[in-house]
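Protein chains: 4
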Amino acid sequence: MNFASDNTAGIPAPILDAITAANEGYSLGYGNDDWTKRVEARLSELFEREVAAFLVPTGTVANSLALAHLSPPWGAVLCHVDSHVNDDESGAPEFFGGGLKLLELPGQNAKIDPAVLTERLSRLRGAPHSVLPSVVSITQSTELGTVYSLSEIAALAEIARSRSLKLHMDGARFGNAIASLGCAPAEATWKTGVDALSFGATKGGALAAEAIVFFNPADAAGMSSRRKRGGALISKHRFIAAQFEAYLKDDLWLKLARHANAMAKRLSDGLSAAGEPPMWPVEANEVFAILSNDADARLRKAGAAYYPWQAVALPEGRKVPQGHGLFRLVTSFATRADDVDAFLRIAHPTKP
Amino acid sequence: MNFASDNTAGIPAPILDAITAANEGYSLGYGNDDWTKRVEARLSELFEREVAAFLVPTGTVANSLALAHLSPPWGAVLCHVDSHVNDDESGAPEFFGGGLKLLELPGQNAKIDPAVLTERLSRLRGAPHSVLPSVVSITQSTELGTVYSLSEIAALAEIARSRSLKLHMDGARFGNAIASLGCAPAEATWKTGVDALSFGATKGGALAAEAIVFFNPADAAGMSSRRKRGGALISKHRFIAAQFEAYLKDDLWLKLARHANAMAKRLSDGLSAAGEPPMWPVEANEVFAILSNDADARLRKAGAAYYPWQAVALPEGRKVPQGHGLFRLVTSFATRADDVDAFLRIAHPTKP
Amino acid sequence: MNFASDNTAGIPAPILDAITAANEGYSLGYGNDDWTKRVEARLSELFEREVAAFLVPTGTVANSLALAHLSPPWGAVLCHVDSHVNDDESGAPEFFGGGLKLLELPGQNAKIDPAVLTERLSRLRGAPHSVLPSVVSITQSTELGTVYSLSEIAALAEIARSRSLKLHMDGARFGNAIASLGCAPAEATWKTGVDALSFGATKGGALAAEAIVFFNPADAAGMSSRRKRGGALISKHRFIAAQFEAYLKDDLWLKLARHANAMAKRLSDGLSAAGEPPMWPVEANEVFAILSNDADARLRKAGAAYYPWQAVALPEGRKVPQGHGLFRLVTSFATRADDVDAFLRIAHPTKP
Amino acid sequence: MNFASDNTAGIPAPILDAITAANEGYSLGYGNDDWTKRVEARLSELFEREVAAFLVPTGTVANSLALAHLSPPWGAVLCHVDSHVNDDESGAPEFFGGGLKLLELPGQNAKIDPAVLTERLSRLRGAPHSVLPSVVSITQSTELGTVYSLSEIAALAEIARSRSLKLHMDGARFGNAIASLGCAPAEATWKTGVDALSFGATKGGALAAEAIVFFNPADAAGMSSRRKRGGALISKHRFIAAQFEAYLKDDLWLKLARHANAMAKRLSDGLSAAGEPPMWPVEANEVFAILSNDADARLRKAGAAYYPWQAVALPEGRKVPQGHGLFRLVTSFATRADDVDAFLRIAHPTKP
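Those sequence lines, one after another, are chains A, B, C and D. Number 796 in my numbering belongs to position 133 of the first sequence; there are no gaps in the numbering. Number 690 in my numbering belongs to position 27 of the second sequence; there are no gaps in the numbering. Number 870 in my numbering belongs to position 207 of the third sequence; there are no gaps in the numbering. Number 903 in my numbering belongs to position 240 of the fourth sequence; there are no gaps in the numbering.
Since the hints were made in silico from the structure, they are not lab data. Yeah, the Cβ is synthetic: ideal placement off N, Cα and C, and Gly gets one too. Any given hint could be a false lead.
To be verified - Listed next, with one range per pair, are the computed distances between beta-carbon atoms:
#1 D/R963 - C/G789: 18 to 26 Å
#2 A/R712 - D/C846: 50 to 58 Å
#3 B/K964 - D/D914: 37 to 45 Å
#4 D/R963 - C/S827: 29 to 37 Å
#5 C/G789 - D/R961: 25 to 33 Å
Stated by the list, open to error - Which stretches of chain B does chain A cover? Using the computed rule of at least three CB atoms under 8 Å from a CB of chain A, they are:
#6 732-743
#7 749-757
#8 762-773
Next comes chain A alone, as it looks inside the complex:
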């Protein structure tokens, strides 16, 4: 019953097998190998256009390098107040961007509100006194487990375009989002105005593999050097490429994500049936559950693992009742239906 994060799971067999299969003979390092070439081609195919892709070992460095590359050092990135880049990267975007500034925006369901974005942009005093707004960054699926619809993305893209800003997508859980939306990756990214995507594979199953994808290869000029200088160029590169290749092969990434999403839905349905619907809509693989202190104690005693969640703001009309807490439950490719059912039984024993 480990719902602490999707990175507490291990590695699904196809990806581990790919690492083993890649362990034959010699291969030049730093990306000069066939696995890397194949992944680059596969990504262009997946996104239905020629892209520039750079594999790196962590989501934090994927986001940070992307943002640093899309913005001048005196620029600003507009992001949601709950976003990972804002809260959980220990200042990495600011660091990699040479002093880049993150401007945090509130919004329901961890999604940037177009009106709020417009207002914030209007309040900037303008260069040179004020940072130059350069990038809008959205997380897909969001940190609260919701998913931007195509029209929501398009609305933000329109504002970005009108102000000459780039649009970046933190896709640490991109698989979960596409599985939820059921559309083509191209539709959910560049066709709707996204300029660059941090395409995560780690939370989806890989050992450690993320791809920074630029939909306009010209935007990527110099990224090789920035990545190397950022200490994010893996020398035995065939192994990070092999992971990503297996992740994409036969739509494994989507199959694993659909499973994770289904487990989240199972959990969510069970909690709702017990009279405790999750705090935010469950559209991907995260469930924010309201549990009584007693239920929390029983679950932890039974070995369940999950984190309490401190929200910036709750949805209108919602609150955490006395004697209860708010907790984040994350499902993954490894979550079994048994685990979900056991959790539900312990959380709400009176529920059949």
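Given the coordinates of chain A, assemble chains B, C and D onto it according to the supplied hints.
Same frame as chain A, but now just chains B, C and D:
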């Protein structure tokens, strides 16, 4: 009728005379001169304790070097959403701090609200995932022309101390604040818990001179190198020291500030008498006036200079009526009562 | 016959098996797991004292984080002109160190010459005008395949200590050095004055695993945050820890290194016997061979892989004859005696 | 007899008068004033083409902002080992450039040797492993008081152009160089291939004023923000502009420089006549004198001020004899012939 900023004024005679007087013979550079020694001694005397002081040419670099020095590179500075460090330094604190993060806090009258500060600190996930809160920065007097009382500063200092954070004071208008409070500089700074002060002289009259003051000299170790590396060490240092020496001599800084504050009060009283009280309390040398579009047009036609002001949030119950705008008026040592009266007459012609 | 680098080899079975073995069930991320705890304990045991260790995915980020942590941002690192940190990290140390400066020193056999170090230190004008010398960084084994003796390290440590500098060791090939020296790791590091070690496992066999080791844990304060902010904290941390655990288990790291060194010696002996002794002493796993253009052509035609080498300076009295070139040959755990013999036969056909 | 530096002198009357004259009434800050507009126009006129110019308060920040702007963060600047940017800016270029790397080159008379430059460029392993060479920076006149001839600059410009590098000129003593060369500023800069110039006025007489001049305005895009973010935008900008305006007016800068150069020549001729010719050619306003320890003692006792000089390398065939030292003597607009003659008499009493 130039109310655009306190930096649109020139240099009061005593300070210009001091530059001229310092222009005798030779002097070693970089601070190895008698003027600098005297200023350092004078500052320790003024603050009633031994301080470490570093003269630099701009307020932006004074704030940025101070914040960078008080925080590790993965640290965060908590400041007001309207603060100069947050809005008007083009990311300089983030840059000088090696990726330092600024966390903006709302609060009435441009003052940080202790409850908001406490809440924000509680929401940080903790190192290493989250930036390490390291500094609280307050502006005194604030960007909205208000002044923190000693007990307000003490309340924030208490929270900072309890969380091992440093307390920095952006004193670009420190003179105006002390003139308003009528207390000793030591009372308004270290005795109330301030660790470092960016003591501004430029807005108060100097050509270009700011002092970074550390109340605990040990906190300043390495600052000489940081300043030099930051390109902020003036070679003909006697001239920046002579400005600061003259600024402090015979309490010139307070006399000039009292005058500026008195002009602001005159302006404020006149506007209130006309039925248009300023938007925020006038406690220093800034007045945020509500003017009708017609008044604005008349004033500009008459050559008045001032900037419109876009607020993050207005005080409760206040609003800018239709057909009106909100404008910032800043007085300085150079503001004459005539200018104020002329402004009032044009703004509100029906008022005698 | 792949002698291009030790990172062109794959992963030895014990390490790959360890990754597979670690792929059981769930584990909290970011280092909060049993594998990581065991590796930290094992490192303290290996170095015969309590150390602070941080696992990261690349040698570049290991060096850069270490140097950034040992030096203030206005500091300087003294290193050899041929060092990896100086030549092959694309400015990563300067970047991670917030503008840290690298001062390159010449010296025979890629080793820093104590007299040169002393002279360079004496020539620095001193803070604040000049960078503050903060760290001496040596590579062990060096980029030219030589190994510092304990007394050579001690000589540099003495100079560093007398000037209050830290001593950092880039141990990307630490295994090869210890295998060559035959002494205990503690002897070759902290007992001889080394303050921090970038202990590489990747070139020695791991998929991607390096450990930054601080011999005085107090020196490591804040490194968790710096690593996270540097995008170098692996989320599925058990897998990087499992690699390092297997690397150290039963002295695998030394066995693999001894083999690589033996293959280099075999190669070196063969070349010397053919009348073309390597350019620099072969003390670890690198051989700098002088090959005729014809031999180079034959070898490449036969599929051998290796890089030409452009030297800053050749040893006294040595030169690359006309019609010849200088090439770097690197052996690894995967190098077979057959490959070496085949290389020798093709390089020098008249040799039996 | 103060020969410590050209920044130990004060401010010549025309420049101080200009500051006083500018102290009339109000003026918008940050460069939005008439003095600044006039200086920008005057610079375009002086350089016989439209330039983009940015006034800043120190030479260190002028160089650092220029280099940071001409290079990507993973770039490298090739400069002379004796250069100010390399030795005397405490890592400021590296800092402002986000980790920019300085590659130091040896060369006679503090001038970069084209052959050495070419060799160094050839030795860089190439992106992404190695920094990307981006800028060649020369100091004119050099730190050793020599002056690059137009053909010497052209030779370096040719190499730079062939490798797509920018050519930057540190002109802290540009006036002294032009006075020495007797050519037009345009000839000595962009017509010979210089892309950007740090045009110093401080050493030449200003209180604190330097201009970063881009000969191709397109290269300057974003510099306003970089300067503001670098804390180098003076708010009471009319005063820094007034200094530069007076410096250029009626060729004051050249007149002052000619005087300083003439004083250096007087000193040099006197020393040569005494049998102790300076160590390096005296082509501008610096004289590197060999003085006996006795002469040094006499001079200091008589109140003379100057610094000892530690050279990286002496010219071929030259050495500092036993019982002697090498000292740097710098003349300025303020140096009087009397001071020079007194110095010579005390240094070499047997000379009439």
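Hint check results:
| no. | hint | result |
| --- | --- | --- |
| 1 | D/R963 - C/G789: 18 to 26 Å | 20 Å, holds |
| 2 | A/R712 - D/C846: 50 to 58 Å | 54 Å, holds |
| 3 | B/K964 - D/D914: 37 to 45 Å | 42 Å, holds |
| 4 | D/R963 - C/S827: 29 to 37 Å | 30 Å, holds |
| 5 | C/G789 - D/R961: 25 to 33 Å | 27 Å, holds |
| 6 | 732-743 | holds (count 4) |
| 7 | 749-757 | holds (count 7) |
| 8 | 762-773 | holds (count 5) |
Going through the hint list in order, the structure satisfies each hint without exception.
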